[in-house]
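Colleague: Based on the provided sequences and hints, a complete structural model is requested.
Spelled out, the chains give:
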Amino acid sequence: MSAHESLIAELGDRLRSGKISRRAFVRRLTALGLATGAIAAALDAHAVPASAAPAPGARAVTASGQNESTTLLIATSETPPGLDTEYDASRSSHEGLGQTMDALVNFGKKKGADGLWYSDFSQLEGALAESWDVTPDQKTVTFHLRKGVMSHWGNELTANDVFYSWNRGYQLKSNRSFYYNFMKIKDPNSIKVLDKYTVRFEYEAPSSIAVVMHSNLYLTINDATAAKAHSTAADPWAKNWIATNADGFGPYYVDTWQPGQQVIFRAHEGYWGGAPAIKEVIVREEPNPANRLALIETGAVDVAEWLLPQELVQLKGNPNVQLALFRSNFQSTYEMNTLKPPFDNPKVREAFKYAFPYNDVLNTVFQGTAERMRSLVPSVFPDNTEEYYTYETDLAKAKQLLAEAGYPNGFKTELTYNTEIDWDESMAILTQTNLKKIGVDATLSKLPGGPFFNAEWGHQLTTCYFEDQPNVPAAEYALWAFGNTESRGDTTSWKNAQYDQLTTGALAEIDPVKRKAMNYQAQQIVAQDGPYVFIARPYYAWVMRPGITGARWYPAEYVRWNEITKK
Amino acid sequence: MLWRRLRRSRLGLYVLRRCLALIPQLLAISMVTFVLERLLPGDPVTLILGPMATPEARATLRAQMHLNRPLYIQYYYYLRDLLHGNLGRSWTTSNTVAQDLITRFPATFELITYSLLLALIVGIGVGVVTALRPAGWVDRLTRVYGLLAGALPDFWLALIFIFFLYYKVRLFPAPLGRLGPYLSPPHRITGMYTVDSLLTGNWVDLRSAAAHLALPVITEALVTAGAIMRMTRSTMLTILDGDFIRHGRFSGLPERVIVRYAIRNALPPVVTLIAIIYAYLLGGAVLIENIFGWGGLGQYAVQTLEQSDYAALLGFVLVAAAFTLFLYLAVDLLYFAIDPRISY
Numbered sequence: 003m004s005a006h007e008s009l010i011a012e013l014g015d016r017l018r019s020g021k022i023s024r025r026a027f028v029r030r031l032t033a034l035g036l037a038t039g040a041i042a043a044a045l046d047a048h049a050v051p052a053s054a055a056p057a058p059g060a061r062a063v064t065a066s067g068q069n070e071s072t073t074l075l076i077a078t079s080e081t082p083p084g085l086d087t088e089y090d091a092s093r094s095s096h097e098g099l100g101q102t103m104d105a106l107v108n109f110g111k112k113k114g115a116d117g118l119w120y121s122d123f124s125q126l127e128g129a130l131a132e133s134w135d136v137t138p139d140q141k142t143v144t145f146h147l148r149k150g151v152m153s154h155w156g157n158e159l160t161a162n163d164v165f166y167s168w169n170r171g172y173q174l175k176s177n178r179s180f181y182y183n184f185m186k187i188k189d190p191n192s193i194k195v196l197d198k199y200t201v202r203f204e205y206e207a208p209s210s211i212a213v214v215m216h217s218n219l220y221l222t223i224n225d226a227t228a229a230k231a232h233s234t235a236a237d238p239w240a241k242n243w244i245a246t247n248a249d250g251f252g253p254y255y256v257d258t259w260q261p262g263q264q265v266i267f268r269a270h271e272g273y274w275g276g277a278p279a280i281k282e283v284i285v286r287e288e289p290n291p292a293n294r295l296a297l298i299e300t301g302a303v304d305v306a307e308w309l310l311p312q313e314l315v316q317l318k319g320n321p322n323v324q325l326a327l328f329r330s331n332f333q334s335t336y337e338m339n340t341l342k343p344p345f346d347n348p349k350v351r352e353a354f355k356y357a358f359p360y361n362d363v364l365n366t367v368f369q370g371t372a373e374r375m376r377s378l379v380p381s382v383f384p385d386n387t388e389e390y391y392t393y394e395t396d397l398a399k400a401k402q403l404l405a406e407a408g409y410p411n412g413f414k415t416e417l418t419y420n421t422e423i424d425w426d427e428s429m430a431i432l433t434q435t436n437l438k439k440i441g442v443d444a445t446l447s448k449l450p451g452g453p454f455f456n457a458e459w460g461h462q463l464t465t466c467y468f469e470d471q472p473n474v475p476a477a478e479y480a481l482w483a484f485g486n487t488e489s490r491g492d493t494t495s496w497k498n499a500q501y502d503q504l505t506t507g508a509l510a511e512i513d514p515v516k517r518k519a520m521n522y523q524a525q526q527i528v529a530q531d532g533p534y535v536f537i538a539r540p541y542y543a544w545v546m547r548p549g550i551t552g553a554r555w556y557p558a559e560y561v562r563w564n565e566i567t568k569k
Numbered sequence: 250m251l252w253r254r255l256r257r258s259r260l261g262l263y264v265l266r267r268c269l270a271l272i273p274q275l276l277a278i279s280m281v282t283f284v285l286e287r288l289l290p291g292d293p294v295t296l297i298l299g300p301m302a303t304p305e306a307r308a309t310l311r312a313q314m315h316l317n318r319p320l321y322i323q324y325y326y327y328l329r330d331l332l333h334g335n336l337g338r339s340w341t342t343s344n345t346v347a348q349d350l351i352t353r354f355p356a357t358f359e360l361i362t363y364s365l366l367l368a369l370i371v372g373i374g375v376g377v378v379t380a381l382r383p384a385g386w387v388d389r390l391t392r393v394y395g396l397l398a399g400a401l402p403d404f405w406l407a408l409i410f411i412f413f414l415y416y417k418v419r420l421f422p423a424p425l426g427r428l429g430p431y432l433s434p435p436h437r438i439t440g441m442y443t444v445d446s447l448l449t450g451n452w453v454d455l456r457s458a459a460a461h462l463a464l465p466v467i468t469e470a471l472v473t474a475g476a477i478m479r480m481t482r483s484t485m486l487t488i489l490d491g492d493f494i495r496h497g498r499f500s501g502l503p504e505r506v507i508v509r510y511a512i513r514n515a516l517p518p519v520v521t522l523i524a525i526i527y528a529y530l531l532g533g534a535v536l537i538e539n540i541f542g543w544g545g546l547g548q549y550a551v552q553t554l555e556q557s558d559y560a561a562l563l564g565f566v567l568v569a570a571a572f573t574l575f576l577y578l579a580v581d582l583l584y585f586a587i588d589p590r591i592s593y
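Sequence lines, in order, name chains D and W. First residue of the first sequence? That's 3 in this note's numbering, and the numbers climb one at a time after it. First residue of the second sequence? That's 250 in this note's numbering, and the numbers climb one at a time after it.
One or more of the hints may lead you astray.
[Claimed, not checked] Covered stretches of chain W, going by a simulated chain D footprint (3 or more residues, C-beta under 8 Å):
| # | stretch |
| --- | --- |
| 1 | 339–346 |
| 2 | 416–425 |
| 3 | 548–560 |
[To be verified] Quick list of simulated restraints, FRET-style, between CB atoms:
| # | chain 1 | residue 1 | chain 2 | residue 2 | range |
| --- | --- | --- | --- | --- | --- |
| 4 | D | Pro384 | W | Leu320 | 49 to 57 Å |
| 5 | W | Ala459 | D | Pro548 | 31 to 39 Å |
| 6 | W | Ala347 | D | Gln316 | 53 to 61 Å |
| 7 | D | Ala277 | W | Ile438 | 34 to 42 Å |
| 8 | D | Lys448 | W | Val453 | 41 to 49 Å |
Quick caveat, the hints were computed from the structure, so don't treat them as lab data. Where is the CB? At the ideal position from N, CA and C, for every residue including glycine.
Modeller: Set out below in structure tokens:
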């Protein structure tokens, strides 16, 4: 054997025994002067799959020994601040919670007309609960839990876990306490543990969403045993541990928590729904959207999240990238504070609905990555109708309405926007221009996220952009949340007695036909009299490498990784 | 010579005095920052709990965070915890502030130290060369560079580099943070990946960390070197015009000895400038950190400021203040080493 050949043989041994990586093997052979064909032959000979040397920036075997098709690398705008359903409600937390927490019920899936998978809200399926009984008056729901559901920490799901989760929220007076109020559950005593696998919820009033509500991400079930094991005297509800570990029965658990850099999730092999195909998910923080774009285009990551509209447009037609634009429940609206004249005058509000530059905004700001919003109820939810919000830009009509309202020469007002929402500034400028044409002089003012939200929820802003999403897939919930006087989401103090009656009534209406009529009527009232200009519903964009299939849209805007496969 | 001076001077006492003075200085800084921060708009309770929170939930959290007590009581709680090493908990990361700072300080420190080293080599080197040969073509070119370096923003330069050197030619790895995506960090000794991987013999991590450091360091160094170069050049020019240099030349001293004398005399203002830049970069490299997904202190400061995350922000300010104060102490000691006229 020549010196050359023995060297190759030695390198081959080291490759096989794992002492050098495949890339190093190839590089050394190149240094020896071998041609590509000879290298491929050498790789073959040493029982390694023959393929071209990976380009710089591509990935080799992961540190944990997983291979490429079972690891997902996601570049996102920020790592979640925490994973406790009681405290963390930011969009980055939605994604983390969606993977680690399971709810009592879930929805089946269906393919939309665009070929993408959506949750089918007409198909309620059991998740942690196998079946349920509802009394005819819709005031009591008894869930029969699935048996043998194990958490990552090796504890079995029982009715006590359900009680613990709901009790925790009540005692902490945090997120879940809103749901107690909303679903008319008096206190934890209304949640009865009947036996190991049976739990009963008693509502004070009939609820149209008695069962559907339990699909909500924020009503998922904690592993009580694990939580109690990590409770301390100073922290009796394990807040510190749950924030970084997401205590649930979902298909993934948190392996590494490095906020600002990455969070690594690993598959829970004993998941009741079957071990996920994707074993490891690395969620990497990359705050700059242009960089996330570059990363997905070069194939350095598998998924890029939260890209700007102009970047999504750039990706259309790119064969290296799969673009999934899901119709979503996210809404962008322009709201007018009814406490501040002249916005207490419905004619003025209507004038603004005619003055808004809908097409300009959809074309130049969203560039085709949003659908026109025509209802408080998203198009993906049941009972949605688009027939009542027929406003299009008509400056003449707007001016006429203003004159009728007593402002023939317009008036001065203020438009506030959130500096942290990418498209708000462009929208503000377009809005201001149109308003000027009808005589309204709108001064633009901007606030960073924190102060903006405080001012908005404190009902202090005159006009602003209100961007949010109804996460419970029921029309009556969306209508109530953003318009009913009792809802905190009614940030304009809009009071319409008939609307209040309809929305409260719809939530308690158990006949779906009657409820649909009430929902339609409510949509009509808010379209015509309401304080909102409905602007757009941006699509939820999942930008992935080719070969990734199975992504399904969930309300609260995330994709569940256990439904994905990767080639 | 230095030894004798050290023994004769009361340097030890001076250092001790300065270190002791740190305590009231840091206390004063913490007090001012604490008050100013509480005066900023933005209510953390609403931000943490979201809009749908019930009034009871808000009241509970407010009481837990002591936000309903007068300012001086809040400050007392803060100090008391601080003395136990408890800097509080960041609600934007769910870690304790101490944990966050321990991870992020080495990340930024590594980045800015390498940047500054490179900037020093380039800046001082070029500054000296152009001072010795004014009006040469090197001088003219570097003057243009000096102007541009001051005018060009670092984030723009970073994006240009990423576009050409990563996106187009793949010379450098993806701007995805400090280490390649599938590698785990080296065993932690200092928290700086290059140092730790060197100390533990983890060559894979060392190569990846160095490769990921390359682009941000080059960018920051190129921008910073401009200022250092300009300062070095102008100081050198003034000194080279001085009497003692002229005397040395007339006396027939070789040029390299002249240059050595000149550089030594030109150093003090440059050292001051470097200290200022170093202290600034601890928080000021935020744009670079953002673009490269570094997870450093600057990013932390901006993020927590926007989210009204009081505890975290205060932690950052204290770290930055302590770092700056130590740096200025080091600079003063360096003066002592450079300039024989100084005594403490």
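Colleague: All the hints need checking, so say for each whether the structure fits it.
Modeller: We went through each hint and held it up to the structure:
no., hint, result
1, 339–346, "holds (count 5)"
2, 416–425, "holds (count 7)"
3, 548–560, "holds (count 6)"
4, Pro384(D) - Leu320(W): 49 to 57 Å, "holds, 51 Å"
5, Ala459(W) - Pro548(D): 31 to 39 Å, "holds, 32 Å"
6, Ala347(W) - Gln316(D): 53 to 61 Å, "violated, 42 Å"
7, Ala277(D) - Ile438(W): 34 to 42 Å, "holds, 37 Å"
8, Lys448(D) - Val453(W): 41 to 49 Å, "holds, 46 Å"
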